[in-house]
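Let's have the full structure, built from the sequences with the hints guiding it.
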Amino acid sequence: IKEHLAKGQRMLAGDGMSQVTKTLLDLTQRKNFYAGDLLISVEILRNVTDTFKRASYIPASDGVQNFFQIISNLLDEENKEKWEDAQQIYPGSVELMQVIEDFIHIVGMGMMDFQNSYLMTGNVGRKGMVDWARNSEDRVVIPKNIFTPMSTELDESTVFVLGAVLYKNLELILPTLRNFTVVNSKIIVVTIRPEPKTTDSFLEIELAHLSNGTLNPYCVLWDDSRM
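Residue numbering for the sequence shown is 1 to 227, as defined by the UniProt record's numbering.
Simulated crosslink set (BS3-like; lysine-lysine; CA at most 25 Å straight-line):
| # | residue 1 | residue 2 |
| --- | --- | --- |
| 1 | K22 | K168 |
| 2 | K82 | K22 |
| 3 | K186 | K168 |
| 4 | K186 | K31 |
| 5 | K80 | K31 |
| 6 | K31 | K168 |
| 7 | K80 | K186 |
| 8 | K168 | K80 |
| 9 | K53 | K197 |
| 10 | K80 | K22 |
| 11 | K82 | K186 |
| 12 | K82 | K168 |
| 13 | K82 | K31 |
| 14 | K197 | K144 |
| 15 | K22 | K53 |
Worth flagging that the hints you see were computed from the coordinates, not collected in a lab.
Below, the structure is given as structure tokens:
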């Protein structure tokens, strides 16, 4: 993998990073992880996204699918205890979420205007695809007028990339909350770039709570800047 990373960083991003994701996909499908393996895998995915950004390279469709399948493998419930060990070393699950956001925008910049793209894996999906996502009552409503650039240097021709990720079981591997709050719903991540201008319209997110006897539910936002 190091050899292919080096190749990608020498401006052969397509060949090098494609082989990196293929190799990492094969390794993660073996499902015999240690905590360090999870953190190294996240670091490799970070290197892949950083290389794509530097080279302004848009990965092919099979490379995109491989990337998200790797993430799905890492998020498998069988890795829960390994993630708990890994979090004692570094908040790798938070880093993984940031990597996913960056990769979404890399792929999005290669699409035509107003084009949608849907990906399905065992642990990462979207409504209308896998059963757990199709039957979900969770939803995101995004007002049209939110797509106004914050920077005055951008104009009406600015292309926005919007990504919405619905995680099935991410709460199993997040760092333990300091107040012992229980995550009682799926986790939705919505990312928009470039950063839009603040408007009077609000982004609406509906999360259906799980029936596990918890009381006094409330909504929380993840602040990764404090990690």
